[in-house]
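Chains as they are written, first to last, in this note's numbering: chain R, 48 to 384; chain Y, 48 to 384.
Derived from the structure by calculation, the hints contain no laboratory data. Honestly, I wouldn't trust all of these hints.
No copy labels: a pair is met if it fits in one copy or bridges any two.
[Said to hold, decoys possible] Straight-line alpha carbon distances no greater than 20 Å define the calculated SDA-like cross-link-like pairs of lysine to any residue that follow:
no.: 1; residue 1: LYS234; residue 2: PRO120
no.: 2; residue 1: LYS234; residue 2: GLU121
no.: 3; residue 1: LYS162; residue 2: PRO286
no.: 4; residue 1: LYS282; residue 2: GLY335
no.: 5; residue 1: LYS282; residue 2: ALA301
no.: 6; residue 1: LYS282; residue 2: ASP336
no.: 7; residue 1: LYS234; residue 2: VAL154
Read off the chains here:
2 protein chains.
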Amino acid sequence: MDELSAYQGGMMKALVRLSFLIAVMATTFLLSGSSVRAGSDPLPSWNEGPAKHAIVEFIRATTDPSSTKFVPPEERIAVFDQDGTLWASHPIYPQLMYCLDRLPAVVKARPALAKIEPFKTALSRNMEAISKLPTKDLIKIMAAPLSGMSVERFRADAEQWLETAKHPRWGRRYTELTYLPMLELMKHLRANGYKTYIVTGGGQDFVRVYAEQTYGVPPEQVVGTLESVSYRYDKRGRPVLIESAETLLSDVDAGKPEAIHLMIGRRPRAAFGNSTGDRQMLEYTTSGDGARFGMLVLHDDPKREYAPQSLYDEAKRQGWFVTSMKSDWNRIWAFEQ
Amino acid sequence: MDELSAYQGGMMKALVRLSFLIAVMATTFLLSGSSVRAGSDPLPSWNEGPAKHAIVEFIRATTDPSSTKFVPPEERIAVFDQDGTLWASHPIYPQLMYCLDRLPAVVKARPALAKIEPFKTALSRNMEAISKLPTKDLIKIMAAPLSGMSVERFRADAEQWLETAKHPRWGRRYTELTYLPMLELMKHLRANGYKTYIVTGGGQDFVRVYAEQTYGVPPEQVVGTLESVSYRYDKRGRPVLIESAETLLSDVDAGKPEAIHLMIGRRPRAAFGNSTGDRQMLEYTTSGDGARFGMLVLHDDPKREYAPQSLYDEAKRQGWFVTSMKSDWNRIWAFEQ
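If we strip away everything but chain R, and leave its shape as in the complex, we get (with noise of 0.2 Å):
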């Protein structure tokens, strides 16, 4: 285990602690023939290779009528995990690391908190014994500091955090630390018909206060961990939404295309992941009919980001199909020169 593993919470652990052991799926393998055409080439930060092939032939073969691998416009849902797909996760998870700052708030708020575990725990910053936590106490932590907020308060609250909230490796803000080639991705895709949507473990309304801005996904198209919310009245009788602590689905492993299900209705024709988390959206996303498309995302780039486990040797024996942001990736950050 080395420094950075320390702070990885038991949730998220569980979330990527076998990360990287899927690498690329493609069960289309479309490979032959890329249609990149120069001077118009959609995702100028991929290197040209196999995975830049496969992503590019794949978008060209389902939106051309004439191809037996067309797929009609309203089947065109594209699915993508978020931390470790979108942006960075290391060395802990964003939307833990702002639950941690907002925890002192909230137990002014509610000081008979700060004498219980899991709340005495995380409120030391002991990284190490917050990695110790079992899951369920991670869920007490994340859902506290929406707990009996409105949703408007929560967005007002995320919002301000998150524009002033430095990454302590790159002292850049998280919404600054997305992928460059996935923004192009995903921007490509729209471009030809597909509706984008994050399915993330994160907590659904947490990462709707910068989805649209910062990806370009709208709320309707974010499908998270769902908290439920409550219908209630304010002092002057108007209508409000309460964020409960009460989680209706939990958005990881099995959860993923059940919260897909639920949420969208359709099988997705494409599926990016990065870490075990994602293999059932995978699985169940490459396993339909018709064309389809699966990636995960290789993090073997210790210089540029992280790579906390390498699991590339593996992925080759299973024979998987490797995106690896060191050799596929020209550029990771849109601040890089």
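Given chain R, work out where chain Y should sit, using these hints.
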């Protein structure tokens, strides 16, 4: 209580008991100046009058960049209740009829059910007895046909029923018993950049079966009572989603704005309903900032449709804006001459 009322089950009763109590709310009262141009009437089945003018003017003003009521395209969300708002719900909700029709097959597979309530009563097809069942029993009856089926098998079964089942009064398929004026309205909203959503107490997966073909509403824009699904593997090891009998969220009353937040994540700009089950959805929609529109359909046309209760006088007394099926709609059904 007239004989039609006897068909109403407990849950259904709760939904419609005070139907038409609220009539039409048009919070923005955009009544000044009709923009209906001769020769391009988007709502030909609507008679000229305040209801039609308010709707047309709301759409015109919210899509005119020079208007103070302008609504940016991404915020153009319109929500529609289904039963009694988009299609006929008398003498019995079509989905409840589907469940009663399917119950013998369910019981054949699980004979023990025939001996226990509420299935014993449901199998009797004694509508008066069924109408007296409590809500929780009706939910059991409604969930029974789905439970344990894959989502694909349920879809095929419901499709087959919709193809063959006929309404007892008109002898037509239920999907033909949609209100033409409302279909025109949905189309007109979409032509002006509005996303149209169905927000129904009905089961989400049931409504998704026909919503795209019948209303032009894709599965991802159907918000219904949320039944959970379970991710499993079939005998050949392929992923499959299995319908369960568990309800995650009941999409009636306060559940409507709660489900809207979960599924859409934005407060709608326009809401259309017909019963007290829609009250909170209308409140929530119309109490936001900026241009808003709320409307209830008054069932006051026993000759062409049904008029189980007329609360027109009360609606008028309360100052609600009334859209009458009888006087505001020159056609109700597409099959009318």
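Consistency of the hints with the structure:
no.: 1; hint: LYS234 to PRO120; in the structure: both (16 Å within a copy, 19 Å between copies)
no.: 2; hint: LYS234 to GLU121; in the structure: both (17 Å within a copy, 17 Å between copies)
no.: 3; hint: LYS162 to PRO286; in the structure: neither (34 Å within a copy, 45 Å between copies)
no.: 4; hint: LYS282 to GLY335; in the structure: between (51 Å within a copy, 16 Å between copies)
no.: 5; hint: LYS282 to ALA301; in the structure: between (41 Å within a copy, 18 Å between copies)
no.: 6; hint: LYS282 to ASP336; in the structure: between (53 Å within a copy, 17 Å between copies)
no.: 7; hint: LYS234 to VAL154; in the structure: neither (41 Å within a copy, 50 Å between copies)
Comparing the model with each earlier hint shows violations of hints 3 and 7; every other hint is respected.
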